[in-house]
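Protein chains: 2
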Amino acid sequence: MSPDQVAQCLLYVIVALLLAKLLGELAERLKQAPVVGELLAGVILGGGVLGFIRLDNPLHLTASTSALVLLAELGVILLLFEVGLESDLDDFLKVGPSALMVAVVGVVGPFVTGFLVSRWFGLSVPVSVFMGASLTATSVGVTARTFSDLGQINTNVAKIVLGAAVIDDVLGLIILAVVSSIVIDGSISLTKVAITAGTAIVFLVGGIVIGLRLAPYMMVAAKRVRTRGMLTISAFLFCLAFAYIAHKLGLAPIVGAFAAGLILAKTEDQVHIQAGMKPLADILIPIFFVMLGVSVNLAVLNPFNSAYSGSLALAGALVLTAIVMKVVAGLGVLRKGVNRLAVGVGMIPRGEVGLIFASIGWSRRIINSSEYAAILAVVIVTTMITPPILKLVLAKHADKTRHA
Amino acid sequence: MSPDQVAQCLLYVIVALLLAKLLGELAERLKQAPVVGELLAGVILGGGVLGFIRLDNPLHLTASTSALVLLAELGVILLLFEVGLESDLDDFLKVGPSALMVAVVGVVGPFVTGFLVSRWFGLSVPVSVFMGASLTATSVGVTARTFSDLGQINTNVAKIVLGAAVIDDVLGLIILAVVSSIVIDGSISLTKVAITAGTAIVFLVGGIVIGLRLAPYMMVAAKRVRTRGMLTISAFLFCLAFAYIAHKLGLAPIVGAFAAGLILAKTEDQVHIQAGMKPLADILIPIFFVMLGVSVNLAVLNPFNSAYSGSLALAGALVLTAIVMKVVAGLGVLRKGVNRLAVGVGMIPRGEVGLIFASIGWSRRIINSSEYAAILAVVIVTTMITPPILKLVLAKHADKTRHA
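Chains A and B, in that order, give the protein sequences. Numbered by this note's numbering, the letters in the first sequence go through residues 56 to 459 in order. Numbered by this note's numbering, the letters in the second sequence go through residues 56 to 459 in order.
Chain A extracted, bound-state conformation (with noise of 0.2 Å):
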């Protein structure tokens, strides 16, 4: 990476910070959840309108938009991270059923009428069954930076959802094993799909039992350490080391970066990694909510644009089987008191998480191009509609769904 090149990514940087603080304050003062106004501000500069960040491609990146794309990543880790943090891991435990029960019918629910959707506008039966998939994952992020926006983090309601999302991750592991399986290879190898969601579970119960013990010793090594910083890097790295282990077993790396805060926020330190963290994460959140601003690019939703317009009622169709199928998954909450409709809301966005199911449907040519814009708009409009629903949503119960 050449001076220049940093150069670059240092005014990249620079203009969407800038714009998503600019555009986040103008949401705040219209009172909407600043995400939109950093969602809107990536947009923006965005390649289908100013073109000043272009992800067109992105496994092929420049230097400089790659590690932009780093720095998002390390910012939605962060969230994940510092939402883990603020929460007790027993509330989580109580909502368990609540939480299982929406993951599954926010999972079976819209991919089997995406299946269906699918083949009634004509798609074959291996296409279908990976646009099904697709709208399966909930994107945990725009929801988890919503709820924290509105002070909403440690209600019922944002840990239902929050449950639902990492369970969604699990089972999101398992339908792609199975995915592939069918529409690569032709048929399922049922002891791989167990071993590989196994492996899974048994990462985040056995990760977060022994993480439980070991945290604290880790904590006093750290203390104990004379060069400074030592207590914020730990936690970083704990955070790091979750996140990457994750991903090496098919899970997201935020569902990682979620369990190490939890872990830590049972230490005594938990006030200090806090806010050691906050201004990591005052600068990279942002920045992850631009760059999927700007990943959507709004010319899928353009009728007149003919190299779309073909996929516009497929889209359509998919966008509301998407919406309705996840508020749907809220019913599935069994705890009383709690905002059904709020935890289904929740769940709608599909975010960076649809965004990589289709391209790599796209990469490995999979689906065509007007099933892969349909993907996009259902990315695009679950995304963007989420933070002012959910809040009217959650304004309108406010009362009933406050944790106690």
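Hints were generated in silico from the structure; no laboratory data involved. Note that the coordinates shown come from a computational prediction; the quantities given were computed from them, not determined experimentally. Note that beta-carbon positions come from the ideal geometry of N, C-alpha and C, so glycine has one too. Take the hints with a grain of salt, since some may be wrong.
[Unchecked claim] Cβ pair distances, simulated, as ranges:
1. A:141 x B:272: 28 to 36 Å
2. B:209 x A:278: 21 to 29 Å
3. A:278 x B:85: 19 to 27 Å
4. A:58 x B:390: 32 to 40 Å
5. A:73 x B:174: 47 to 55 Å
6. A:141 x B:321: 32 to 40 Å
7. B:375 x A:326: 49 to 57 Å
8. A:253 x B:106: 32 to 40 Å
9. B:423 x A:141: 55 to 63 Å
10. A:272 x B:81: 16 to 24 Å
11. A:107 x B:327: 27 to 35 Å
12. A:107 x B:268: 25 to 33 Å
Based on the hints, put chain B in the right spot on chain A.
Chain B only, in chain A's frame:
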């Protein structure tokens, strides 16, 4: 950048930080500056030993190493920003004449002797000019960090070295313009050189004067904003903007970051900004020094390596010249009661500036591989020996040099 590339980069960060802190702590316990351990961590992880992180051709990196280079660059930018934040501009103006003398002697001396030594070894005039020029720069990162490690960043010695390094950078700009004219065009355009240098000086002086007037208003505006983390983000953006403009004018980004720090040090929020930057700096600064270690290939110093052995005598002579002439520059200090030896030693490291020089010369085929190896040897030796020698020299005269 694919999820796998992101994960690879996370692994780099984890391993780099972990080893840096382990060896940094070891250095501390051996009563050495922690920066020595961090540099060593880089050497161990680099191509010469483990080959875990490879920077063989700095202009063609993988996406993962590009991202790592950006984090390192943000690290050194934050280091100089922090140093600026902890400093008082007035103190720099007081030692200004001394710093100017040290800088001029420290540029002219190495340039002339480097040229003569190269001619003695039979190099052509243009190449000798380039070799001489490559000895002039001072890499302030290593020195600033060592002063900081030793808790002596606010001494007159540190201020003179820092001031001289900034002036060095402006002089380096003039030299680079002159050298590339001579080596590439075969003639010099004095007007062009004057404009380049003039712009840089106007930016530094004008930027600081205007910045000092505008910064308080910027901070008031930042505090009016309702979204989170605005003070930290504003300071960070201010720093990056100065770094970017400095780069665009041909100066080092760190000079801009240092100026930004000096300006914000005068605002009433100085303490809060420092506190906000600390966690970021704690994590990113070690990454810079690890990457500096990674980028030096110790094989250059191996007398039995046939690819390099032809340059050993030249390299040895240049290393000696590089060290002696910067120590001599310490005599340029005009103020009484300042440890001139410490100032001279503080000017020794060539660090990343020397590497940039070497790669420009190499990629434009101005120098051959043995000349390239000789410059690398200068960079390695001067960077690695400075922290221990500086510690030794400062300890002997600590009482004399501590700022009143």
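Which of the numbered hints above does this structure break?
Going through the list in order, the structure violates no hint and respects every one.
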